[in-house]
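Listed below, chain by chain, are the residues.
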Amino acid sequence: MDNTHPQHVPTRSTYATGLVLAVILTAIPFAIVAFGLLPRLPALIAIAVAAIIQVSVHLRYFLHLDFKHTPHENLAALFFAGFLIFIMVIGSIWIMFDLHDRMM
Amino acid sequence: MNAGHSTASEGGASLPIDGRDEKAFGFWVYLMSDAIIFALLFATYIVLVENTAGGPGGKELFSLSRVFTETMLLLASSATFGMATVAMVSGDRSGVVRWLLVTFILGAAFVAMELNEFAGMIAAGAGPDRSGFLSAFFVLVGTHGLHVSAGLIGIVFMCVQVVTKGLTVPVASRLYRLGLFWHFLDIVWIAIFSVVYLPGVLDG
Numbered sequence: 001m002d003n004t005h006p007q008h009v010p011t012r013s014t015y016a017t018g019l020v021l022a023v024i025l026t027a028i029p030f031a032i033v034a035f036g037l038l039p040r041l042p043a044l045i046a047i048a049v050a051a052i053i054q055v056s057v058h059l060r061y062f063l064h065l066d067f068k069h070t071p072h073e074n075l076a077a078l079f080f081a082g083f084l085i086f087i088m089v090i091g092s093i094w095i096m097f098d099l100h101d102r103m104m
Numbered sequence: 001m002n003a004g005h006s007t008a009s010e011g012g013a014s015l016p017i018d019g020r021d022e023k024a025f026g027f028w029v030y031l032m033s034d035a036i037i038f039a040l041l042f043a044t045y046i047v048l049v050e051n052t053a054g055g056p057g058g059k060e061l062f063s064l065s066r067v068f069t070e071t072m073l074l075l076a077s078s079a080t081f082g083m084a085t086v087a088m089v090s091g092d093r094s095g096v097v098r099w100l101l102v103t104f105i106l107g108a109a110f111v112a113m114e115l116n117e118f119a120g121m122i123a124a125g126a127g128p129d130r131s132g133f134l135s136a137f138f139v140l141v142g143t144h145g146l147h148v149s150a151g152l153i154g155i156v157f158m159c160v161q162v163v164t165k166g167l168t169v170p171v172a173s174r175l176y177r178l179g180l181f182w183h184f185l186d187i188v189w190i191a192i193f194s195v196v197y198l199p200g201v202l203d204g
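Residue numbers (my numbering), protein chains in the order written: chain A, 1 to 104; chain B, 1 to 204.
Excised from the complex, chain B in its bound form:
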């Protein structure tokens, strides 16, 4: 019953799509340690969330519709990165680049919305220096935003490599690891809207 597997990977190079090569394992260990960093930022946020120092809280600051749009952008970008992976498996070079560009646009729109949110909060006097709650908020959400920005740079690099080098084994392996990174950031975002935004807006 593994016939489907071998035909699917014959289109491209022999691809490490199930994470069996050691680089994929090393990257996986990095992702797990990154998950621990985020978990501790979440713990810090939960400890500090009530400490608004008389300043604004989540209810005044967060916009549900903005967060919902941001979530949809990230979810869509995860799916489009998946389409790039599917194109890679079938050896479709231009398909990979097309889907990576779509992913880049969705990711860049997410980062733009987040920067816009941060700028609006800082302009309204609710910057990271206002209270313990806001310090923890900016560190947690900002760290995720920085990761997404790093992923965007990675997407640009991978587009260039796919165009100039083709879908060679090293390129496919890098693309696979960037995909792990991108999907991982989506999981962190689920935790962010479930721990930060939704409880913050919820009626007391």
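So that you can see chain A by itself, here it is in the shape it has in the complex:
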């Protein structure tokens, strides 16, 4: 059960791993845009996927979040914030673009 969990105490290799992953996950979307590797919609999807993965990498390797050691309240606050962000951002975009279409 309780085997080695290096993320609990940050080490040089934790941050080095995080940095390497972050640089790769940054280079991919920039390369897609700079060299025009994909058409617009697939490119936008690739950018979004790379960003979501990179945010998880940062949470894991730089902010040391994990489901075993991070206090329950911190995760609850994170997920509640994520929930509010989802409602407010998706809701704003939905309402404003719907309004935009109706005003056309």
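Because the hints were derived from the structure by calculation, they are not lab data. Just so it is clear, CB atoms sit at the ideal spot from N, CA and C, and this is done for glycine as well. Any given hint could be a false lead.
[As the list claims (entries may be wrong)] Among the chain B residues that face chain A by a calculated CB cut under 7 Å, a handful are:
{"id": "1", "residue": "F27"}
{"id": "2", "residue": "Y30"}
{"id": "3", "residue": "A39"}
{"id": "4", "residue": "T71"}
[Unchecked claim] Okay, the calculated bits of chain B under chain A, using three or more residues with CB under 8 Å as the criterion:
{"id": "5", "stretch": "31-37"}
{"id": "6", "stretch": "72-81"}
{"id": "7", "stretch": "84-93"}
{"id": "8", "stretch": "140-149"}
{"id": "9", "stretch": "186-192"}
Place chain B on chain A using the hints.
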């Protein structure tokens, strides 16, 4: 299997490196509310991005190479702040100050590049008053830049405290929270280049 943990923290004071003290929790709640502020600025930007009012759009204004360099500076600064945290855990006072200074230089270079970008845009007549798109752009990216600048001031304060007070429990706890803040700003920047710069430059 927790032996590694206790030896690692014996070098310094008993450090709240996993966010278990209540100040860390309070700071975490602040960061989450800050994330909501940024999310709403992102929503505003997405709603306004097409409203260029006949003025320049992202394609004419954004430079990919500049944004890539800025991103690398911030990522590197997150890693160097991590090295300061590692030095703090092992009780290495001068190591903490050295890595914090490196972090400061990287962060200051980021802010300088951003100010340079803003100045160039305003000089070219693409200031925040030009269009709804540019208003939203300057508010969103500028708010992030202000946060980074506040983090730079925090780094200076923490350097002074580590030098004058040493790695006491309150100092280590403050340093830990400043680290949370700094890493959080890196996450916001990922969203900025993924929502603002890359789609802005992408071919229609």
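- Take the stretch 72-81 of chain B, compare each residue's beta carbon with every beta carbon of chain A, and decide whether three or more fall closer than 8 Å. As far as the stretch 72-81 of chain B goes, the hint holds, because 5 residues have Cβ atoms under 8 Å from chain A.
- Task: Please count how many residues of the stretch 186-192 of chain B have a CB within 8 Å of a CB from chain A and say whether that reaches 3.
- Result: holds (count 4)
- Item | Evaluation of the interface hint that places Y30 of chain B against chain A, nearest CB under 7 Å | violated, 10 Å
- Item | Hint check, T71 of chain B versus chain A [nearest Cβ-Cβ separation less than 7 Å] | Result: holds, 5 Å to nearest chain A Cβ.
- Examine the stretch 31-37 of chain B for residues whose CB is less than 8 Å from any CB of chain A, and state whether their number is three or more. Our answer is that it holds, as 4 residues pass the Cβ test (under 8 Å) against chain A, meeting three.
- Query: Close enough to count: is the Cβ of A39 of chain B nearer than 7 Å to one in chain A?
  - Reply: Holds, because the Cβ-Cβ distance from A39 of chain B to chain A comes to roughly 4 Å (cut-off 7 Å).
- Message: Is the listed coverage of the stretch 84-93 of chain B by chain A valid when you require three or more residues with a beta carbon under 8 Å from a beta carbon of that chain?
- Response: It holds: at least three residues are needed, and the stretch 84-93 of chain B offers 3 whose Cβ sits within less than 8 Å of chain A.
- Message: Quick check on F27 of chain B please, does its C-beta sit within 7 Å of some C-beta on chain A?
- Response: violated, 10 Å
- Query: Taking a Cβ-to-Cβ distance below 8 Å as contact, does the stretch 140-149 of chain B have at least three residues touching chain A?
  - Reply: violated (count 0)
When the structure is compared with the earlier hints, violations turn up for hints 1, 2 and 8 and for no others.
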